[in-house]
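Just so you know, the protein sequences line up as chains A and B, in that order.
The numbering of the first sequence is my numbering, which starts it at 34 and goes up by one.
The numbering of the second sequence is my numbering, which starts it at 15 and goes up by one.
Just so you know, not all the hints are guaranteed correct.
What the hints assert, rightly or not - 30 Å max Cα-Cα, derived BS3-like pairs, lysine-lysine:
no.: 1; chain 1: B; residue 1: K374; chain 2: A; residue 2: K96
no.: 2; chain 1: A; residue 1: K142; chain 2: B; residue 2: K224
no.: 3; chain 1: B; residue 1: K233; chain 2: B; residue 2: K118
no.: 4; chain 1: B; residue 1: K304; chain 2: A; residue 2: K65
no.: 5; chain 1: B; residue 1: K374; chain 2: B; residue 2: K304
no.: 6; chain 1: B; residue 1: K355; chain 2: B; residue 2: K304
no.: 7; chain 1: A; residue 1: K142; chain 2: B; residue 2: K233
Unchecked claim - A partial selection of chain A residues facing chain B, derived with a Cβ cut-off under 10 Å:
no.: 8; residue: L182
no.: 9; residue: R191
no.: 10; residue: F275
Source of the hints: derived by calculation from the structure; they are not laboratory data.
Every residue gets a Cβ at the ideal spot worked out from N, C-alpha and C, and that includes glycine.
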Amino acid sequence: MSKIASAFSPPGHKALIAYVTVGYPSVEATLKVVPLLADSGADIVELGIPFSDPLADGVTIQKSSFHALQNGVTPRLCLELAGQLSQKVNIPLVFMTYYNPVFSYGLDKFCSACAGSGISGIIIPDLPPDEGSDLEAISQRQGLDLIYLLAPTSTGERIRLAAQRSRGFIYLVSVTGVTGARDRVPADLEAFVTRVRNTTAQPLCVGFGISTPEQASRIARIADGVIVGSRIIQLMEKEDDFASLAELVRSLRGSIDKISGQ
Amino acid sequence: MLPDERGYFGDYGGQFVPETLMPVLDELATAYKEARADKAFWSEFEALSRDYSGRPTPLYLAERLTENCGGARIFLKREDLAHTGAHKINNALGQGLLARRMGKRRIIAETGAGQHGVAAAAVCAKLGLECIVYMGEEDVRRQSLNVFRMRLMGAEVRPVHGGSRTLKDAINEAIRDWVTNPDTYYLLGSVVGPSPYPVMVRDFQSVIGKETRQQILDKSGRLPDYIIACVGGGSNAIGIFYSFLNDKEVNLIGVEAAGRGLSTGEHAAPLMAGTVGVLHGTKSYVLQTKDGQIRETHSISAGLDYPGVGPEHSYLKDSGRATYVAVTDQEALEGFKLLCKTEGIVPALEPAHAIFHAAKMASSLEKEKTIVVNLSGRGDKDMDIVAQALGVKL
Ligand SMILES: Cc1ncc(COP(=O)(O)O)c(C=O)c1O
């Protein structure tokens with residue numbers, strides 16, 4: 034079983050996936066928070082490598098990315114920190130970033146550095162399967178999962194494409210929109226998840242806009258994993274106090290486990 | 015035929031966008047393919063180009079400029095005389111008609127100098143479509159006259175506060191709007207962005223080169239030796255180059271913004287000083303740091319102040335079919351003043367870069383040679399900036 038697949042086992046276990054921007058609000062905070070997320074019940078942590086032009090992100094992650102870049106965070110540093118963190122935690126770590134930093138690093142070099150740092154997968158919101166063949170081949174050689182995304186606008190044909198090509202899981206974008214905590218889960222989310230479910234047996238994880246335990250439990254009912262990002266970033270604004278963050282993650286965990294009956 | 019099926023010009027182009035937009039780009043590509051094959055679509059485009067935009071624009075022999083340089087004859091393709099003051103209207107009109115054909119009611123656009131925003135606002139007013147224009151805060155400040163014009167024509171101008179607060183950030187914000195509202199039509203202003211934009215915008219702008227070709231043959235009996243155009247995203251340049259791509263004897267020269275000088279790092283010349291990367295959905299030359307972060311740019315002209323460039327230009331550069339040079343802020347101002355004084359034509363700061371380079375080249379060429387410069391827009395919008403640069407208080 035790949036490391037990411039283990040996050041969905043035993044069968045019926047619903048994964049909680051947490052996103053942080055590396056170096057926000059500081060590098061030390063990232064080193065502290067990731068183990069805290071793991072201890073509080075996250076099954077996978079997405080480490081965001083900041084990019085200057087995050088066009089799939091809403092205001093919260095735009096700000097955290099900008100801040101991290103101001104702190105001097107580079108892909109190299111992210112790889113280094115991932116190396117340290119993968120020694121400290123026992124859950125899979127995946128990178129989330131945009132294509133240009135990866136392309137600029139060099140696909141081969143980046144993937145082998147990922148493997149060397151204990152990274153298990155990569156999520157790139159501006160790299161659809163149509164453009165992903167090169168990175169797919171190279172990442173596979175390094176034992177990395179390249180995780181593709183689907184959106185409510187995806188057609189049947191595109192769902193089949195992602196189902197064939199995504200590895201680890203498929204990332205379902207809950208809304209037509211950018212990242213950012215939202216008050217409501219869209220009404221047609223169930224229909225969207227069902228459409229994808231009817232095409233593939235791959236694990237389906239839903240993200241974008243999810244911020245409360247109530248929303249998480251609604252997602253856990255229909256999908257295999259819940260991804261929370263912007264809400265976590267918001268709670269990290271006050272660097273010294275991660276108590277409320279740990280509290281949120283524990284309650285997300287609790288609400289998800291109630292659904293999976295664990 | 016380029017681009018290929020996947021929207022690539024050689025190694026450049028493609029569709030690097032969030033999944034949400036992939037089906038939307040498919041829909042756009044299909045709609046454009048149908049429109050492209052439809053005679054009625056083009057006859058409406060041509061009729062409005064004539065009666066609304068004022069086409070064909072003249073090709074004008076700039077005699078005193080030529081005399082002043084003392085060498086090759088310089089012709090100006092007068093896109094500055096097109097409606098709304100720049101070549102941008104060609105593309106805005108074409109895409110506006112396409113949007114209406116697709117049944118879209120809400121149009122978004124980005125703008126740098128404000129020329130594309132003004133063109134989009136005009137076409138939307140004319141076609142009765144809602145128009146929202148994203149514009150970097152810095153550009154809102156330096157092109158305030160155009161902001162006022164857009165608002166007069168009923169467009170909503172939304173200042174963008176993120177990043178460098180210029181064109182790049184306006185495009186980011188427009189794409190975010192589009193991801194959120196996939197039913198909206200995104201009226202992109204240059205030959206950049208994901209496929210099919212580079213080819214679509216090129217098609218609508220290629221009217222410039224088609225006219226130029228006929229006009230120069232009528233006036234001089236042969237093709238020009240040089241065609242010179244400024245390059246921001248690259249639409250006016252591709253527009254005038256395209257009809258001459260197969261005429262190997264015609265030298266195609268694109269002029270990028272060297273800002274404060276290429277060596278200072280404060281410029282907007284990705285073809286001259288960039289490396290290959292992916293920005294705004296397309297693979298092309300990009301100004302970026304060694305860590306793959308997009309660099310901030312500088313140019314006195316807002317319309318050239320962009321770290322990327324259309325993928326077809328990257329292809330033309332690598333293949334050697336076109337050559338690219340860069341002209342500084344100071345030199346562009348020289349070109350600006352020169353055209354004002356010798357011809358009584360006030361150019362926009364963007365084509366002032368091309369004017370400077372043409373004047374410099376002309377001096378070193380024989381009198382039998384001809385140069386065509388794409389005078390892509392007029393300078394009314396730039397009065398404040400030029401006055402400031404010349405130390406004049408208005
Ligand atoms: C008059 C004029 N020329 C040139 C440009 C640069 O754009 P492009 O390179 O797409 O022609 C602009 C952009 O705003 C412009 O207003």
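So, going through the hints one by one against the coordinates:
1. B:K374 / A:K96: Distance ~45 Å between B:K374 and A:K96 Cα, so the pair is violated.
2. A:K142 / B:K224: Measuring from Cα to Cα gives roughly 46 Å; hence the hint is violated.
3. B:K233 / B:K118: 42 Å, violated
4. B:K304 / A:K65: 28 Å, holds
5. B:K374 / B:K304: 34 Å, violated
6. B:K355 / B:K304: 44 Å, violated
7. A:K142 / B:K233: This hinted pair is violated, its Cα atoms lying about 57 Å apart.
8. L182: 5 Å, holds
9. R191: Check passed: Cβ of A:R191 comes within 6 Å of chain B, closer than 10 Å.
10. F275: 27 Å, violated
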